[in-house]
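Fit chains R and E to the supplied structure of chain F, relying on the hints for placement.
Protein chains in written order, with the working numbering: chain F, 1 to 254; chain R, 1001 to 1283; chain E, 2001 to 2111.
If you're looking for bench data, these hints aren't it; they were derived computationally from the structure. All values reported here derive from a predicted model rather than from experimental measurement. Treat each hint with caution, since some may be false.
No more than 25 Å apart at the CA atoms, straight line, and that leaves these computed lysine-lysine pairs for PhoX-like [said to hold, decoys possible]: (1) K150(F) / K2003(E); (2) K2050(E) / K1083(R); (3) K1090(R) / K2050(E); (4) K2088(E) / K107(F).
Which residues of chain R face chain E? A few of them, derived with a C-beta cut under 8 Å, are [what the hints assert, rightly or not]: (5) H1012; (6) H1035; (7) E1037; (8) N1038; (9) V1064; (10) H1097; (11) L1111; (12) S1211; (13) V1222; (14) D1223; (15) T1224; (16) H1225; (17) L1255.
Pulled from the structure, derived: some chain R residues nowhere near chain F, Cβ distances all over 12 Å [stated by the list, open to error]: (18) G1171; (19) D1196; (20) T1227; (21) R1277.
Cβ coordinates follow ideal geometry from the N, Cα and C atoms, glycine included.
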Amino acid sequence: MSPETLPDLQQRFRATVLGNDDAPLSGLVQTSGGSLPARIDVYRNTVQSSLVDVLATAFPVVQRVVGEVYFAGLARRFIVGAPPRLPQLSTYGADFAAYIGAGDIHKQLPYLADVARLEWARGAAYFAADAPLLDPATLGLLAPEDMERKVFSLHPAARLIRSSFPIYRIWQVNQPDVTDVPAVDMSVGEDALISRPRYHVVTRAIARADAAFVAAIAAGGTLASAAAQALEIDETFDLQAALTQHFVNGTFAR
Amino acid sequence: MIPAVAAIGLRHPHLPGLAAEPAGAPLCAPWVEVHSENFLCAGGPRLAMLDAVAARYPLSCHGVGLSLGSAEGLSREHLARLKTLFSRVKPALISEHLSWSVTGGIYLNDLLPLPYTEETLGVVSRNVDAAQQAFGARILVENPSAYLNFPASTMSEVAFLRRLVKNTGCGLLLDVNNVYVSATNNAFAARAYLEDFPGEAVGEIHLAGHSVVPEDGGTVLVDTHSTHVCGEVWAHYESVIARVGPRPTLIEWDLEIPALEVLLAEAARAQAVMDARAAIRVA
Amino acid sequence: MAKYNPRMIAGAVIGAAIAAGATSLYERYFGASASGSGEDGKEQCYGVAKAGENGCASANGSHTCGGLAKVDFSGQEWKLVEAGTCLKLGGKLEAFDNASAPDPAPAKTPG
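This is chain F alone, in the form it adopts within the complex (with noise of 0.2 Å):
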């Protein structure tokens, strides 16, 4: 039996593809005829390059944000550090969000994590859990004391981003359809709410109080306490309004 060195093997391939340095694969493979560096880069970019556009399509308005070259660099720095787990890329970008928070980008753009995290919020949605949508028409059979008492919760797509930055307001200017960014007033806070009505991923900013709202609801409260956390916020919380949208956009399962 001769010894093993396939496992070797693929933790110098690894080594190599994620880094920059051939060496690892040095008298392990050859061509016959061409330029093997050549060859290996095939390999390499193939392996950081499709996990850079993984990201940029994941991540497209910070991509927009910082520019397409240097999301080129942050992306593999990334990936490098933190490469993929799972052979499901879906599911890969879910820890891009607090890399970028942790990283000295921060500090030059604040608001960029939570952008990140929004757009997170945006493809988990879309690749969320299937569940029937409350429907509010059967709500009316219900005892008013019922109601107060009622505990909704909140449909496998759903996710509330609350940020100190306007991130609605970026994630909107920076759609491919708008052409002249305008400047945007980084000192108003915003919450975005994304949900899954059938099959299409909304995302809306929703008022702090309504943020509240949905955040008790979340974390297992009747509609009769997260509408009082609602009203702590703001008096003039308007229930039915804030409901009114939670039908419509399918923030809530059945």
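Chains R and E in isolation, oriented as in the chain F frame:
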């Protein structure tokens, strides 16, 4: 059952269109193939669209992330997720690659090459066994495209695949473009490779385009699936069909994906090759 | 402090249910068939539809033979191209501080 006719790889730009076809409408292709790993999500539109397609079209699930060549063995979790998908959409064919992409639990998003040794044969045979056991189905294993080779190899790719079939009972997916790309890049004869290939094990054929990229003092063929099938690959395909008879044949196009009509025209050309050969046999 | 009483909550829920039922959006989301209501063109162009795709093709690095693999890791090259919209939004961007992030192997000289 996938019929021995030509079809197309179904990628994201064309998924909504096929999914939205009315129930009684004629099929735009006799069958379709998708990449399994793109449908392992919990729910949402992508999976719903695949459900709609699978309800009308015979489906082939082509894996790109199982890593049959991983020395550390297959991920149980990944096998289970694939099994769940297959139970849901009931593919008539399941295939993967003779390559690896996982080491130390890290997924490198590429189909990386293997040295063809007794050790590798043992690893791949164990992994193919594990996959076939988990899926409760025979799988097809595809020959990879390669840009380099290994001095440690002790047998040819064809010899390796033949022994893999014998060890595991798996079938083979013959990618004619991959043979051409590997042969050109590694200076062996594509024709001899194809004549030696075990035709009786071939359950599917892939055709795709590649890019010709300059390198120091020459060119390298890169398997980009970004263009038409080249003339040399068509000629090799005709020889293969003449030798082994008609097989389910798939047009793969993954980058710079064109309009559906372009893909279907490419598939029609492959079908014409099979039809011409059938006419000769009848006459 | 303002507080909703049970009757007000019930009224708000029923009012919202009626309002939601009256909107055309509601029809669109609850009424369309599964196969017909896939992502629309806007969603695709906003990137979600093709998010996280696995594939089996090699990347095309034809422009530089190594493509992105040769982009300078230190992030200097972006300055020569374009800096994104952050300048317009209000903000600035400097080259990477090499001390601040996990650093891979040093960049090879582009060849």
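The hints, checked one at a time:
1. With a C-alpha separation of about 16 Å, the suggested pairing of K150(F) with K2003(E) holds against the 25 Å cut-off.
2. Between K2050(E) and K1083(R), the direct Cα distance comes to roughly 23 Å. Compliance with the 25 Å bound is thereby established for this hinted pair.
3. At most 25 Å may separate the alpha-carbon atoms for a hinted pair to count; K1090(R) and K2050(E) meet this at roughly 24 Å.
4. A C-alpha spacing of about 17 Å is found between K2088(E) and K107(F), which places the hinted pair at or below 25 Å, so the restraint holds.
5. Interface restraint check for H1012(R): the shortest CB-CB distance to chain E comes to about 5 Å, inside 8 Å, so the restraint holds.
6. The criterion of a C-beta within 8 Å of any C-beta in chain E is met by H1035(R), whose closest approach is roughly 5 Å, and the hint holds.
7. A cut of 8 Å between beta carbons decides the hint on E1037(R): the least distance to chain E is about 4 Å, and the hint holds.
8. Below 8 Å, beta-carbon pairs count as interface contacts, and N1038(R) has one with chain E at about 6 Å; its hint therefore holds.
9. Because the closest C-beta pair between V1064(R) and chain E is about 5 Å apart, less than 8 Å, the hint holds.
10. A distance limit of 8 Å between C-beta atoms decides the matter here; for H1097(R) the minimum to chain E is near 7 Å, and the interface restraint holds.
11. Residue-level restraint check for L1111(R) holds (minimum Cβ-Cβ distance to chain E is 6 Å; threshold 8 Å).
12. At a threshold of 8 Å, the smallest CB-CB gap from S1211(R) to chain E is about 5 Å, leaving the interface hint in force.
13. Interface hint status for V1222(R): upheld, as the beta-carbon distance to the closest one in chain E is roughly 5 Å, under 8 Å.
14. Interface hint status for D1223(R): upheld, as the beta-carbon distance to the closest one in chain E is roughly 5 Å, under 8 Å.
15. The closest approach between the C-beta of T1224(R) and any C-beta of chain E is roughly 5 Å, which is under the 8 Å cut-off, so the hint is satisfied.
16. Because the closest C-beta pair between H1225(R) and chain E is about 4 Å apart, less than 8 Å, the hint holds.
17. For the restraint placing L1255(R) at the interface with chain E, the shortest Cβ-Cβ distance is roughly 6 Å, inside the 8 Å limit, so the hint holds.
18. Every Cβ of chain F is farther than 12 Å from the Cβ of G1171(R); the closest lies at roughly 22 Å, confirming the non-interface assignment.
19. Look at D1196(R): its CB is around 18 Å from the nearest CB on chain F, clear of 12 Å, so calling it non-interface holds up.
20. Taking the minimum C-beta to C-beta distance to chain F, about 17 Å, the non-interface status of T1227(R) holds against the 12 Å cut.
21. With a least CB separation of 33 Å from chain F, R1277(R) remains clear of the 12 Å interface cut-off, as annotated.
Of the numbered hints stated above, none is contradicted by the structure.
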